[in-house]
Amino acid sequence: MSLLRLSEPMSLRGRRIFMTGGTGFVGRCLLDYFHETARAYGSEFEVTVLSRSPQAFLAQYPSYADHPWLRFVAGSLGHLPEPVAGQFTDVLHAAADTHSNTAPLAWLDQLVQGTRNVLDFAIASGAERFLLVSSGAAYGRVPDGVARLHEDAPFAPLTTDTESVYGQGKRLAEHLCVLYAQQYGLACVIARCFALISEHMPLHGPYAAGNFVRDALAGRDIDIQSDGSGVRSYLHGRDAAHWLVNLMRRGESGQIYNVGSDEPVSILELAHVVAAQTRQALSVRVLGTMISGHRALYVPDVQKASQLGLHVETPLIQAIASTLQTLGGANLTSSAA
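Numbered according to numbering that gives the first Met the number 0, the sequence shown terminates at residue 336, and the numbering increases by one at each position without gaps.
Read the hints as simulated data drawn from the structure, not as lab findings.
Be aware that a few hints might be false.
Restraint ranges, calculated between C-beta atoms of paired labels, are given here [claimed, not checked]:
hint	residue 1	residue 2	range
1	218	72	40 to 48 Å
2	85	278	54 to 62 Å
3	316	102	40 to 48 Å
4	102	174	17 to 25 Å
5	218	251	42 to 50 Å
6	84	115	15 to 23 Å
7	226	85	54 to 62 Å
8	251	278	42 to 50 Å
9	181	284	36 to 44 Å
10	60	103	29 to 37 Å
11	60	154	18 to 26 Å
12	226	72	39 to 47 Å
13	157	263	19 to 27 Å
14	85	284	52 to 60 Å
Backbone N, C-alpha and C define an ideal beta-carbon position, used for all residues, glycine too.
The whole structure should be built from the sequences, with the hints applied where relevant.
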């Protein structure tokens with residue numbers, strides 16, 4: 000695989016960042032990016048990560064220990080640390096369960112009241128800027144004929160759909176952000192993230208890319224639980240972290256920015272791309288059927304982010320290859336080496 004020339008990481012000299020969700024999938028992509036920033040410009044910035052159990056996280060991921068720019072504080076969205084005026088310059092709110100086994104009302108409370116708690120913490124801490132990591136789920140089901148989702152698309156989950164808790168919660172969290180920007184003057188930026196791929200993504204659960212990578216690493220045939228016609232796009236985790244940090248620092252307050260790749264790929268095509276990155280002759284098996292003739296689309300328009308100089312820098316095939324390689328794939332093709 001040829002070496003990519005990625006954009007230089009953003010300098011964060013003098014910034015003091017408080018981050019929620021720093022121990023999750025997106026959070027670890029961001030921590031890797033902050034480490035890259037420290038190597039490039041020095042450790043003259045601080046990142047404080049909220050974690051329910053910092054000790055457990057560092058025991059599982061010891062590579063994040065002992066960085067001079069990084070510290071962890073115990074707590075949760077319902078039990079934030081006592082704010083100190085002037086303590087933080089930026090708050091990056093990335094904590095939210097994308098899927099939850101708890102009661103829907105408790106999940107909605109985490110998404111909405113949890114965001115309000117972090118916004119209040121940002122105000123009390125004297126933060127200048129606030130980034131909400133939201134989701135493309137806020138658009139709801141996409142009508143036929145729409146190729147890509149623009150930030151001002153008038154789509155939303157039905158309020159009567161009890162399966163849309165996550166999308167509804169994100170919309171309410173976004174609305175809270177713009178209200179706080181209006182009332183308190185806090186510069187609030189909203190990042191609607193679409194599908195990402197990196198070594199930090201879950202390999203189990205309702206994530207097609209993670210499941211396909213898991214099966215490829217195990218040398219198993221790749222099973223598609225749907226009919227494979229759903230259309231997605233995948234942004235590499237490093238690209239996503241670069242976009243998010245830039246939006247945190249340079250995005251326009253009160254605005255929504257899509258974060259993702261605008262290159263569509265069907266789930267079936269994705270499975271074949273993953274299978275092709277191994278030396279083994281893996282088969283791709285389609286096990287599901289199309290539901291009510293609906294071909295799900297989940298692809299963003301990213302022209303708004305491009306106005307800030309943000310672009311997809313890692314092609315999908317290289318994102319998949321590097322993910323497999325980092326996760327220890329011993330049976331990769333030469334193109335992934």
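Practice task
Can you let me know if the beta-carbon spacing of residue 226 and residue 85 is within 54 to 62 Å?
Solution key: Holds - the Cβ-Cβ distance for residue 226 and residue 85, about 55 Å, lies within 54 to 62 Å.
Practice task
Given the hint of 54 to 62 Å, check if residue 85 and residue 278 actually sit that far apart at their C-beta atoms.
Solution key: holds (56 Å)
Problem - Pairwise beta carbon distance, residue 251 to residue 278, judged against the given window 42 to 50 Å - result: holds (47 Å)
Handout entry: 17 to 25 Å as the expected CB spacing between residue 174 and residue 102, which holds or is violated
Key = holds (23 Å)
Problem - C-beta pair residue 157, residue 263: status relative to the range 19 to 27 Å that was hinted - result: Holds, at about 25 Å.
Handout entry: Verdict for residue 218, residue 251 (Cβ pair) under range 42 to 50 Å
Key = holds (48 Å)
Handout entry: Supplied distance hint 52 to 60 Å, evaluated on CB atoms of residue 85 and residue 284
Key = 58 Å Cβ-Cβ, so the 52 to 60 Å window holds.
Handout entry: 18 to 26 Å as the expected CB spacing between residue 154 and residue 60, which holds or is violated
Key = Since the Cβ atoms of residue 60 and residue 154 sit about 37 Å apart, the hinted range of 18 to 26 Å is violated.
Practice task
Return holds or violated for the Cβ distance of residue 84 and residue 115 against the range 15 to 23 Å.
Solution key: holds (19 Å)
Exercise for the section: Evaluate the given range 39 to 47 Å for the C-beta pair formed by residue 226 and residue 72. Expected result: Since the Cβ atoms of residue 226 and residue 72 sit about 46 Å apart, the hinted range of 39 to 47 Å holds.
Problem - Cβ distance range 40 to 48 Å for residue 316 and residue 102, holds or violated - result: The hinted range 40 to 48 Å holds for residue 316 and residue 102, with Cβ atoms some 41 Å apart.
Exercise for the section: Mind checking the hinted window 29 to 37 Å against the Cβ distance between residue 60 and residue 103? Expected result: Given a distance of about 31 Å, which is inside 29 to 37 Å, the answer is holds.
Consistency with the previously given hints fails for numbers 9, 11, ordered from lowest to highest.
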